[in-house]
Every structure is written in C-alpha cells, then in structure tokens.
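With chain A's structure known, arrange chain B on it following the hints.
Going down the list, the sequences are from chains A and B.
Taking this note's numbering, I'd label the letters of the first sequence as residues 1 to 207.
Taking this note's numbering, I'd label the letters of the second sequence as residues 1001 to 1319.
There could be a bad hint or two in this list.
Unchecked claim - Label pairs and their in silico Cβ distance ranges:
1. B:Ala1096 - A:Thr146: 45 to 51 Å
2. A:Ala153 - B:Glu1292: 42 to 48 Å
3. B:His1201 - A:Leu170: 47 to 53 Å
4. B:Arg1300 - A:Leu7: 39 to 45 Å
What the hints assert, rightly or not - Quick list of in silico lysine to aspartate or glutamate cross-link-like pairs, DMTMM-like style, CA-CA up to 20 Å:
5. A:Lys173 - A:Glu33
6. B:Lys1086 - A:Glu49
7. B:Lys1170 - A:Glu89
Treat the hints as calculated values from the structure; they're not laboratory data.
Here a beta-carbon is modelled for each residue, glycine too, at the ideal position from N, C-alpha and C.
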Amino acid sequence: MLNLTELENDALIEIFNIGVGQAAASMSAIVNEAVRMSVPSVSFIPRAEAARLLGHGEAPERICGVSQHFRGAFETDAILMFPEDKSLEIVRLMVGEAVPLKELTDMEQEAMCEIGNIMLNSCVGTLANIFQRELEGSLPQYHVGTSDHILTATGSLADSVVLMLHIDFLLEKHQIHGYVAFVLDISALHDLKEQINLYIARAMGQA
Amino acid sequence: MDTPRLPLLESVFCAVNVGAVVLDNERRVVLWNSWMARHSRLAAAQVLGQDFFTVCPGLRGGRVAMAIQHALYYNFPSLLSQTLNKAPFALYLSEAAAARDDRIQQAVEVTPISLDGLPRHCLIQVNDVSIAVARERLLREQAMVLRSQTFADGLTGIANRRHFDVAMEKEHRRAKRTGTTLSLLMIDIDHFKAYNDHYGHQKGDQCLIQVAAALSGMLKRPGDLMARYGGEEFAVILPDTDVEQASAMAEAIRARAQELALPHERTTDATRQVTVSIGIATQKAGAPVEIEALIGSADRALYQAKRNGRNCVAALQPN
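Bound-form chain B, shown alone:
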C-alpha cells in the first residue's frame, strides 16, 4: 500500500533535526517544525498564520529580515554565518540556558521556495553549530597560549611591545564598534637611569622584574593588559574604563609601586624609594580617536606628571 505523500512529508518536515520554518509571501508562518517548537518554546499552534516578525520581534530590520526579503522578492538564497551573526534566533537548549540568555549558536540558511500557481514562499533553516563554535574557541585558545610565548617580554614575563600593539588594535576596534570608553596608562619608573648607574644593571633588572610583577598583579579583569612598552616604561590598556575609574586605577598602581619600598638613593623623592609616574589618556564613549593620538596623549600626560614632581598621576583628554 502506498503511503500518502503529503502527511508523510509533513511528518518528515517536523521530525528533521534542524530548525525549519516556512513563510508565505506576506511573511506569515506557514510551517514551524518540532525542532523550532522545542527550542523556541513556541508551539506550532501558537505561531502558524502569525506575522513572522510578531513571532520573532528581535529579527525585524536585521540581517534575517534582509535574507527573507532577498528570498521572497529577488528569488536569491542567503547564508548567515555564526561568525558574523552570532545567534539571531532566541533558541535555547534548556530553561536554564534561556534564563541566562545562553542561545544555541546558529548558522542560518534562507531559501526561496517556488510553487506552481502560488506566490513564492521561503524556507528558513537553522542549524545548531554550538559544537563547532566550542571546538574553534578551544583551537583559538591554544593558539593564543602558543602565541603568548612569543608575546611575552623576555625579562619581566609580562606582555611585550608586540602583544601591546595587537591588544591595543583589538581593544580600540572593539571600543569603536561597541561605543565604549577605553583608557590607556603610561607608567615610567622615576629616575631609573640614575638607579641603573648607581646600583648596576643587574639590580636594575631586578627592580624592573619586581615592579612589573607587582603592578601587573593589580589588574583583575580579563581584558586589562599591562605590557613592557620599552626600557623602564610600561603601558596598561583598560577597556571599558572612564577617566575617573582610570585615575583611581592609576593612583592604586602608583601607591602599589611605593609599597614595594625598594630603596633608591638617587631619586628626587623624599622617601628615597623607587616610585613611578603615570600618564592617563581616555577615549570617551562614542568619540573614538586614532590609536596614535591616544598613545600621544598618555605620553604627554606622563610628561606632565614628571614635571609635577614625579610619583604622581596626570590625565589628558586625547583630541
């Protein structure tokens, strides 16, 4: 006996292990399979006949909407990669994942569907690529570990200048895209040449190692980075940090250096101990400047701190 094709096809559509949605030419939901129902927690009965953007309001005006437009009106299919779109649909593996908005990682395909005698429809397929995303993250982390060995300063073990340049570029782009603040500290050990001349280069190196270890230990957030910028100069990248927060951080770092209580006979500071001067530059939210301008401002602020008598911090706004 022949199996009736239509009910069979509908059952297969429902059973396939990808998210599948069909819209008519007015973007009403015509089919909504079990995978979608399970992960969106919206049953087919709730969404059939509804406007797609009423069902998924977050997708209005975005890349998925454009892909639907291309399929329905231009007859072209679209591919939406996880990398460029993250997770457009609000789909979750569990209630717990939904509660913390931990979405299934998605790759989406939107394809036009032609039907004889009917206006064009479109099929949206959502693939769960969470496993591939996790695998790639692992690969990248391992590459980062390998890279960090060539990104570390040979003497102090903290990030080197190359690492700083890469991190700076990344954080600068991120700040620009997300419209967040970005602060940069330039730190210089006061009268370090005199220290070297007086105590010798081996003591000088010891001093650099101790100061680098103590100051980099002050940074707690994963995005913060302290690098040896050159000689006795260090740079600290503080993403998402405004000028007040950066000043507080700089002051804490300055105090931490003093706490080390490393003797320094040839300094001008009354304590006769190793101290640091710090220049601060902050890029305001939504007002990005060039990287060079940010570094230049931090440098000038550092120079100002030196002129103000050293063992202090100074801030300048880049322009």
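Excised from the complex, chain A in its bound form:
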C-alpha cells in the first residue's frame, strides 16, 4: 500500500480541487446556475476495500458510474460514482426536470455521461497540466450496478489500488456526496507518486 506524506496528500487535494473547480464552472455555464464542487479528502485503498466503502450496509447498494480510461504519464481507469438515487437527483437538478422516473432514461444516462466526462477531463487535465505531461483519454462509459461490479467492469486486477477522492457536489441547496476512483496498478501508482514529488520539488523551487 502507498503511504503519502502530509505534503504529498495536501498537494493532491489542492490539484484535484483546481480540477473540480473547473468542472463546476463548466457545469454552471451549462445550467446557468451556481454549481459548486470540492474535494475534501483523498485516500489510497485496495480495490476490494474501495468496493466495501461504497457499498456500505448489508444489501449492496446500486451505484451509477461513469468511467474513462486514461494513459500517458500514468495509466488509470477513472470512475465517477454516485449512489443510484443521487445520480438521479444530480441529473434532474442539472436538467431541471420535474417528472422523475424510477431509473435514469437513456437520454439521462447520456447526460450523466457528460457530467462524468466534464468532471474526469477536468480532474485528469489538471493533473496532466501540473505534471507537465500529456495524457490521452477514452470517451466516457456509463455503468450501473454494485460498487464491486463497477470497479471490476473496467477490467482491473483484484490487487489494484484505488485513489479515492471524496466529492461534494452542491447545486440549488442540494448537497450530494460522491466519489471519483482512479484505479491504478503498482507501476501506475509509482509513476503517480513520482509525478507528485516532481511537482512538489518544482513548487518548492528545487527543480
């Protein structure tokens, strides 16, 4: 398991807050209403534990996920995840739709994909910028199922590590908690840590 120093941890939180801040600005422009987002904390946990964290409780909760694959400076599956009822709430708040149906319709799933796409591009884009490296990404994919199902749908190995961001999403007095998971294998994990340290070194004027 990877342990981050306090400095590395703070650097990551700062980077991701810049990313979700940009995503929030893009979303505000779309809906013409204030959307706020922040990342209060990040943690590295084994994939199996990440699934448990999301699926708390006895009956496995249904989760909506939007995933994109990124590669370049490091390789990762990035997945935005909300409990299913919360993603219904987000899409309908964004769309301003008054007739709620039980599940996300096809069109709403596509809207959720766009929301995920904006979030993930902004988060990873900020990382790439700060690492001064280029990454390439895939188009977003929509998933629904248990957290375990979603975390494995991208084909990651059981011993992968997940960099988990807690996301607070605030729209029209509704506060919604979600997660962005970056599934990383061991080599990607080391690439990421190396990039963080390069960034810190540059920020401290040592590089």
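Coordinates of chain B only, in the frame set by chain A:
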C-alpha cells in the same frame, strides 16, 4: 486490383450517416461530410479552410468550443448530451424546419485525432437523436398522466397541494434560470366557514367544486396552474407574468367568482353572494426570491385584501 485507400476513405467519410467534421489545430475546417452539408445547407466547398467559428458563429464560447479546446490542446474527448445541450448546431431536416428554427436534436462527440508528424486535429461527430428525444417525451407525458391521478385534489379534481409544490419548484427554477417574472395568486372564498355553518358541509363541498371549476377554467396557458392549497384556499401559479398582468388576471378571476352568483346569506358583501379575495405576489425578472418569501407575500396580500373589505384583490412585492 487493390482499391486506392485514400479516395476510398474520403468517400466513406462523406457517406457515413452522421455529421462528421474535422478541424486542424487552428480550428480550420479540413473535412466536412455530406451529412453536414445536407443538414446545414453549407457545401463542403463553402466551408473548407475556413475558421470553424466563422462557419458556426453560434458555437463560439460555448460548450462545443470547450470540447474542441479539450480535444486539440489536452487530447481529451468530450461527449455533449442532447439533454444538457439541446441542439448546438444549426442543422435542419428540411427548409420548412429551418424556417421555424426546428433543429435536429443532437448528441455530439468531439475526439482528438493524432497524426504522425502533424499537429493534433479533432473530429466532431453529430448524431441525430430526434427519435430518442420524441420517445422519451412520450414516456414522460405518460408518466405525467399517471402521476396526475395522484396529483389531483379528491374533491374538486384540480391540482392538489403536492402538485402545487412540485410545479412551484419547477417554475421557480425556470424563472431563475431564464430571468423571467413569476406571479402567484392566493385565492380565498370569503366567509366560507359561515357558509358551511349555514348551508351544511355538503353544500359547502358543492360550492368548492363550482368555484374551483369556474376559476381554473380561466387559465389558458399550459404553464398556468391552479391548485387547491388547503380548505377553501386556492393558489394560482402564473409563469412569465408581471404584476400588471397578474393583477388583471386576479381581477378577472374575482369577477368570474361573482358571476357564478352563488347565494351566501352569511357574507358581509352587499350582494349576498359567494365572493373571493385574492392576494398577488410577483417575483421580478432577474430578481429571484425564495419560494417561501413569494408564498408569504401572496398570503400577506390576501390578508390585506380581506382587511380592505373582501371581494377585492391586493398585491405585494416579495422581499
């Protein structure tokens, strides 16, 4: 004999049944396929080599521009859903559709294209999702019909309080987003308790049914909604309605109630007929207030109408 690949690829690009546009790293149009030409009524020859935002000026600074930026400079693809973006490109199925600005419903993908030895390009794909949009609208309308059965007031058949709360929230958000006015009327039957005491509850119910039917019949626009707010109180939501229009509407509603000429022995009004008092609150364009404040103002305006002798209307500005 081998088919030459390049001309073949270009023909295929032109023939595919989605809109496809390729831009170079300076956002000049490099490829513009037949689907785009057909639906934009701009031939490839007219747009090739041109700046993309000269060809599509309406897209400058918007979500499509951001997606192009992400593809060209960050190497990330973007998806633009129909739901959140409606129809960004001015694309039409026919001349007639163009004349009434009835655009093809679109889902758009913007993908970076890497080329050896050349700066990055990007591919814009536009899918026609009009059929899916229509299907979903139908689904939603049917859900609304089902819902309306649980959203109707059991006695009068007009919208109930729950329906009012949902509609109010929706119209309030819409007014806020679009920067339009929103008016709310609170209507109360004058001395209704005395009516009930004098004529009995069955007559009282009849009175409510008649008044509700007559007054809700006054509303003509699809967004207008009259609901039974509680007891003998009704609320009317009037989107996109300023204080003058709302006052005119309230006065027409007050007159309509009087026209029913339902006898009411125990009222203070000289006509000895059922009358209503109406309070009006209007949220100004671009100056939204909380829903509670709007309802509170309409309530206070109603109270003022009661104090002014009933069978009249009064308006208050929420703050």
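Hint check:
1. B:Ala1096 - A:Thr146: 45 to 51 Å: holds, 50 Å
2. A:Ala153 - B:Glu1292: 42 to 48 Å: holds, 44 Å
3. B:His1201 - A:Leu170: 47 to 53 Å: holds, 48 Å
4. B:Arg1300 - A:Leu7: 39 to 45 Å: Hint violated: Cβ distance 57 Å, outside 39 to 45 Å.
5. A:Lys173 - A:Glu33: holds, 11 Å
6. B:Lys1086 - A:Glu49: Distance ~40 Å between lysine 1086 (chain B) and glutamate 49 (chain A) Cα, so the pair is violated.
7. B:Lys1170 - A:Glu89: holds, 14 Å
Of the numbered hints stated above, those contradicted by the structure are hints 4 and 6, listed in ascending order.
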